[in-house]
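Asks: Those protein sequences? They're chains Y and E, same order as listed.
For what it's worth, the numbering used here labels the leading residue of the first sequence as 15, then goes sequentially.
For what it's worth, the numbering used here labels the leading residue of the second sequence as 15, then goes sequentially.
Calculated directly from the structure, the hints in this document are not laboratory data.
Quick caveat: nothing in here was measured; it's all calculated off a predicted structure.
A hint or two may mislead.
Copies of the same chain look alike in the list, so a pair counts if it fits in one copy or across any two.
Cut-off 16 Å, straight-line C-alpha distance, at most; resulting in silico cross-link-like pairs (EDC-like, lysine to aspartate or glutamate) [unchecked claim]: (1) Lys203 - Asp302; (2) Lys88 - Asp302; (3) Lys283 - Glu178; (4) Lys184 - Glu279; (5) Lys70 - Glu42; (6) Lys55 - Glu107; (7) Lys17 - Glu47; (8) Lys283 - Glu176; (9) Lys55 - Glu101; (10) Lys184 - Asp291; (11) Lys92 - Glu47; (12) Lys88 - Glu107; (13) Lys43 - Asp230; (14) Lys68 - Asp35; (15) Lys88 - Asp103.
There are 2 protein chains.
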Amino acid sequence: MQKCYLGIDIGGMSVKFGLFDENINLIEKWYVETNTNNNGKYILYEIAEEIKAKQKEYEIIAIGAGVPGPVDSKGIVKECVNIGWGETDVKVELESMTGIKTTVLNDANAAALGENSEKYNSMVFVTIGTGVGGGIVFDGKVLTGFGGAAGEIGHITVNPAESEKCTCGKSGCLEQYSSATAIKKYADKLIADGTETMLKENFTVKDIFEGVEKGDALCKMVVRRASVYLGMALSNIACTINPEVFLIGGGVSRAGDTLLNPVKEYFKKFAFPEVKDTPIVIAEIGNDAGMYGAAKAAKRLI
Amino acid sequence: MQKCYLGIDIGGMSVKFGLFDENINLIEKWYVETNTNNNGKYILYEIAEEIKAKQKEYEIIAIGAGVPGPVDSKGIVKECVNIGWGETDVKVELESMTGIKTTVLNDANAAALGENSEKYNSMVFVTIGTGVGGGIVFDGKVLTGFGGAAGEIGHITVNPAESEKCTCGKSGCLEQYSSATAIKKYADKLIADGTETMLKENFTVKDIFEGVEKGDALCKMVVRRASVYLGMALSNIACTINPEVFLIGGGVSRAGDTLLNPVKEYFKKFAFPEVKDTPIVIAEIGNDAGMYGAAKAAKRLI
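Using the sequences and the hints, build the whole thing.
Replies: Below, the structure written as structure tokens:
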């Protein structure tokens, strides 16, 4: 049987599986819907069932699993709000059900590792979707931080005067301005306030970025606000750790230059002179980055 | 002759020298005034003269020099505004004048390394004096960043609406609110605006912190403003790299709890829940940390 590594990316909507050869080339990928019933208590059991079925065809040497929450240095998941988990020892549970060595990492950290991180001396990966997540890679290794919370850049305070609460419990987080959720919400608010726009009912975030291209003033205002705060947050990361590059991923990154151009403009405005030329580019691997990174982490177990 | 390492801390006012044994115990220390004439062109020559004199008593194995500006990965100093230097190859100049192996690092990075950095998995050192500087140490190694600008936390943008310029050329930097210079300037402004205070003419930053202890409303306002921005900047660093500890050094740190208490209050307010208990403590070594760290860096050359 072919030896391989399994990378798993556990998300709020689906669990993605990727089987990789010993050089981390993708052999096969598939996904199942995330079963969030009963606070997600069936998820790991269902993952184990998928693995057992694949073991009939492949020899799985090690498993890497990306999870949507902070992971401490022992691999224990503190909490995953999206899928209903409280403290969960994913490593021990998966190992006992499958008999295969397993490593667990935060999903944004896994995606950072999956994004050709070896190419760079240091990189900061930012994923912009429902929320804003991040992962920092130095010399090909993910920075997890002392308590597993490194790279939580969606919770950088960018507006100390904000009164509305973020999902994390505090106020003024980057995620409240630059996530897909926040972009949509701000457009809704401006429309409710009577601002004119070409956006039709049931518009999407994609429609907002297309509206910018078409010169819609409301869409421009919405993307500008998201970009000011993202540009400022990245500039602050730049003078703190001075990475070689910023990679932007997640659903919103599909907007390409329509997002990047204003982000770069504000980044330069707020950046310390020595770091203002740090490249900000769109991530390459995209949706599959999490399972690539999880598989890379699995390979390191061996 | 006794073998030893030389740690040098080049500052705007004085150049400090420390001779250390092979276990980095201090043998002897002294200082000379910094000669800033002619854009500081005599400084390295005068340092070499000091070294030559000491070589009559000691065998200096290696030199570490901390400089007040960014240092790139080749050890080239980009610019040191305080002492008048443009691009300067401190390593090559000192080596050619003394014949001793030399390493060059940023002064705040040197101080970070000097502050018992080995005790911690990761730490962020913040030095608050004329400006606000910083150094980040992971596993006993200074993070210099891709271009040598890591740890420049004085230039984190904390107020995007600021119109006044920082010395770095941009606006709204932490240094503009939380440095000794900024603290003094804000007190001056409030007095000029007619705010009542117990502060006498020619008051110092020390007097401002003493004024807080005595309940002076103006002093409280001034220290509160410095603390809000410092607390917010540290909270943003915490969710980015999640260090084990923050160490606060520099002249202003002598205020002790009068500074720390409000900084901790705002840190908790702005911090992502997972990192809000990160300790913030006063640095131990203080004034000599720069030469200790420079000597440690020198030892690593051997």
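Asks: So, for every hint listed, does it hold in this structure?
Replies: Hints versus structure:
no. : hint            : verdict
1   : Lys203 - Asp302 : neither (33 Å within a copy, 55 Å between copies)
2   : Lys88 - Asp302  : neither (25 Å within a copy, 37 Å between copies)
3   : Lys283 - Glu178 : between (27 Å within a copy, 14 Å between copies)
4   : Lys184 - Glu279 : between (28 Å within a copy, 14 Å between copies)
5   : Lys70 - Glu42   : within (14 Å within a copy, 71 Å between copies)
6   : Lys55 - Glu107  : within (11 Å within a copy, 65 Å between copies)
7   : Lys17 - Glu47   : neither (26 Å within a copy, 67 Å between copies)
8   : Lys283 - Glu176 : between (22 Å within a copy, 12 Å between copies)
9   : Lys55 - Glu101  : within (12 Å within a copy, 60 Å between copies)
10  : Lys184 - Asp291 : between (32 Å within a copy, 15 Å between copies)
11  : Lys92 - Glu47   : neither (22 Å within a copy, 53 Å between copies)
12  : Lys88 - Glu107  : within (14 Å within a copy, 48 Å between copies)
13  : Lys43 - Asp230  : neither (40 Å within a copy, 67 Å between copies)
14  : Lys68 - Asp35   : within (14 Å within a copy, 61 Å between copies)
15  : Lys88 - Asp103  : within (9 Å within a copy, 44 Å between copies)
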